[in-house]
Amino acid sequence: MSDALIKHKTTPPGPLEYLRRWPLQVWLGLVAFFLYAPLISLMVFSFNDSRFTTVWRGFTLKYYDKAFHNSSLIEAFGNSLTIAFFSTLISVVLGAMAAIVLWRFRFPGKTAFNAGLAIPIVVPEICMGVGMLVFFAKILPWPQNLTWPFNLGAIIIAHVSFSFPFVAVVVRARLASFNRELEEAAKDLGASEFRTLMDVLVPHIQPSLVAGALLAFTLSLDDFVITFFTAGPDTVTFPVKVYSMVRFSVTPEVNAASTILIIVTVVLTFLALKFQGSSALTAGHDGGAETK
Amino acid sequence: MEQGWRQAKGMFWAMLTAPLFWLVVFFFVPLGIVWLYSFGENRGLIDIVFTGTWSNYAHIFDLTQPYLDIFVKSLWIATLTTFFCLVLGFPVALAITFAPPKAKAWLLLLVMLPFWTNLLIRTYALMAFLRTEGYINTTYHVLFDMANAVAGGHLGTFQPMELMNTNFAVVLGLVFVNLPFMILPLYSTLDRMDRSLLEASLDLGAGHISTLFNIVVPMAGAGIVSGILITFIPALGSYLTPDMLGGPDSQMIANVIESQFKRANNWPFGAALSFILVYMTFIGIAIQGLLERKDAGRSA
Chain F
0 MSDALIKHKT TPPGPLEYLR RWPLQVWLGL VAFFLYAPLI SLMVFSFNDS
50 RFTTVWRGFT LKYYDKAFHN SSLIEAFGNS LTIAFFSTLI SVVLGAMAAI
100 VLWRFRFPGK TAFNAGLAIP IVVPEICMGV GMLVFFAKIL PWPQNLTWPF
150 NLGAIIIAHV SFSFPFVAVV VRARLASFNR ELEEAAKDLG ASEFRTLMDV
200 LVPHIQPSLV AGALLAFTLS LDDFVITFFT AGPDTVTFPV KVYSMVRFSV
250 TPEVNAASTI LIIVTVVLTF LALKFQGSSA LTAGHDGGAE TK
Chain W
0 MEQGWRQAKG MFWAMLTAPL FWLVVFFFVP LGIVWLYSFG ENRGLIDIVF
50 TGTWSNYAHI FDLTQPYLDI FVKSLWIATL TTFFCLVLGF PVALAITFAP
100 PKAKAWLLLL VMLPFWTNLL IRTYALMAFL RTEGYINTTY HVLFDMANAV
150 AGGHLGTFQP MELMNTNFAV VLGLVFVNLP FMILPLYSTL DRMDRSLLEA
200 SLDLGAGHIS TLFNIVVPMA GAGIVSGILI TFIPALGSYL TPDMLGGPDS
250 QMIANVIESQ FKRANNWPFG AALSFILVYM TFIGIAIQGL LERKDAGRSA
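Respectively, the protein sequence lines represent chains F and W. Under numbering that gives the first Met the number 0, residues 0 to 291 are what the first sequence spells out, in order. Under numbering that gives the first Met the number 0, residues 0 to 299 are what the second sequence spells out, in order.
Pairs of lysine-lysine, DSS-like flavour, derived with a Cα cap of 25 Å:
{"#": "1", "chain 1": "W", "residue 1": "Lys-72", "chain 2": "W", "residue 2": "Lys-261"}
{"#": "2", "chain 1": "F", "residue 1": "Lys-137", "chain 2": "W", "residue 2": "Lys-261"}
{"#": "3", "chain 1": "F", "residue 1": "Lys-186", "chain 2": "W", "residue 2": "Lys-8"}
{"#": "4", "chain 1": "F", "residue 1": "Lys-109", "chain 2": "W", "residue 2": "Lys-8"}
{"#": "5", "chain 1": "W", "residue 1": "Lys-293", "chain 2": "F", "residue 2": "Lys-109"}
Calculated directly from the structure, the hints in this document are not laboratory data. In this text the structure is predicted, and so the values were computed from the model without any measurement.
Required output: the full structure, derived from the provided sequences and hints.
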């Protein structure tokens with residue numbers, strides 16, 4: 000790496016150093032602008048002291064104050080966090096179990112189970128949303144007026160259904176680098192199946208459990224479509240609330256609330272980066288390429 | 000080496016039962032009911048009976064109805080979105096792949112941050128740009144006034160561009176939202192590629208463009224297809240973007256599905272529309288599977 004640094008100062012770009020060619024740098028700059036300009040301007044204008052114009056009229060925090068005093072917005076935010084918390088907890092356990100079964104055992108129907116787990120990942124959200132709507136209308140009507148957090152049960156179930164297969168993918172990628180002989184050694188030394196699992200396998204996959212948890216948490220916080228079809232009138236989540244607020248107008252209050260959520264996301268991402276390195280970021284999207 | 004399940008039955012069942020139960024009961028049962036409904040009919044206000052009819056599917060292809068048009072339009076929008084994501088994303092993936100480790104981590108972060116950000120917020124952020132009084136039109140207005148001053152007022156009065164509630168806005172929004180989904184699978188395939196082949200090609204005098212088409216594309220074919228699918232399928236089924244950025248004539252399939260379930264109350268027809276999307280997803284997966292098998296066969 001230090002080699003590369005020295006070279007960087009002295010030599011022209013090597014044949015494959017695409018990052019050091021100006022057309023690509025310009026391209027990257029444009030893509031970054033495209034991806035970030037809307038988000039950054041949203042955040043900047045949440046501090047703008049004006050309701051209607053897109054012109055800067057001075058700094059204010061009043062829309063944050065307003066957002067914090069909007070009790071239905073706060074309630075929706077609380078619901079979202081609660082749902083994400085429970086959904087993540089269940090998803091990590093289920094996803095890890097599914098990954099371990101698929102990695103460890105040969106069994107009839109394995110291919111089918113493997114393919115079945117991939118379907119929630121690829122099927123368009125709207126189809127799953129419709130499925131949940133029908134399921135909770137006809138098969139398992141979720142009782143109204145339950146106490147918190149049980150009133151959120153239907154949404155939590157729906158979120159687990161689309162999150163845990165992602166966790167399984169992440170954990171499985173990590174399992175690929177596990178040395179099975181370690182497990183056998185533990186058993187030879189007299190550890191039970193359960194002890195081996197908890198003391199040998201789980202510590203090895205722990206980074207992927209954290210990465211999977213962060214992914215499940217974000218997926219849950221992010222989801223609009225499936226929640227929109229599952230939620231009742233008294234179980235509004237943050238995205239559903241924001242949707243109803245922005246349907247017809249752009250308000251600085253929504254900017255303020257969104258900014259808070261973006262910051263939460265950025266902090267979570269940096270935490271993932273700090274604990275896991277960049278493999279946590281691309282979890283589930285690189286097929287485990289970073290594990291080498 | 001994998002273990003036969005009989006060798007550790009207790010462990011096997013302990014690990015399998017919960018995820019299998021959840022997958023079947025809370026995913027396949029709901030989808031299965033929708034599938035049955037797609038062959039059903041409304042009876043009375045709330046009852047739906049399974050009659051094995053194909054009329055819901057026939058209704059989609061009934062030319063006196065707008066649904067086939069909407070379907071074709073959705074395919075077209077999703078295709079455009081995928082195309083722009085590929086064109087925009089491929090050079091980015093290439094740059095990330097061959098970047099030094101430190102820059103690579105930062106670039107990946109740059110791509111991933113929007114992916115981790117809420118979809119609704121991203122779409123909303125775009126609205127501020129596209130509105131009639133949005134940033135683009137405000138900038139355009141300033142530039143127009145300047146140009147008009149130079150031209151001595153011959154340009155006439157300022158007309159804001161209609162950007163919101165158009166098909167253009169929908170495609171732009173979908174590209175904005177789906178670009179990270181395209182870049183990441185592309186990057187992961189390119190990263191696993193054997194670099195010496197690229198170097199050989201360049202050493203032997205091929206240009207970068209011809210190396211791209213003769214070496215990279217054939218080698219990374221399966222990854223490119225998977226990037227295309229990962230972008231195309233969600234784009235085809237997208238609900239939020241056309242709903243928020245589109246106009247009355249930019250409805251996509253998902254918007255029709257929503258209105259059938261939530262307003263028109265024609266669940267069997269909505270179910271048939273949803274399953275058209277599911278069938279297309281399966282076709283996509285099958286194509287990818289075939290290509291991957293071909294790839295594996297060639298390298299073996």
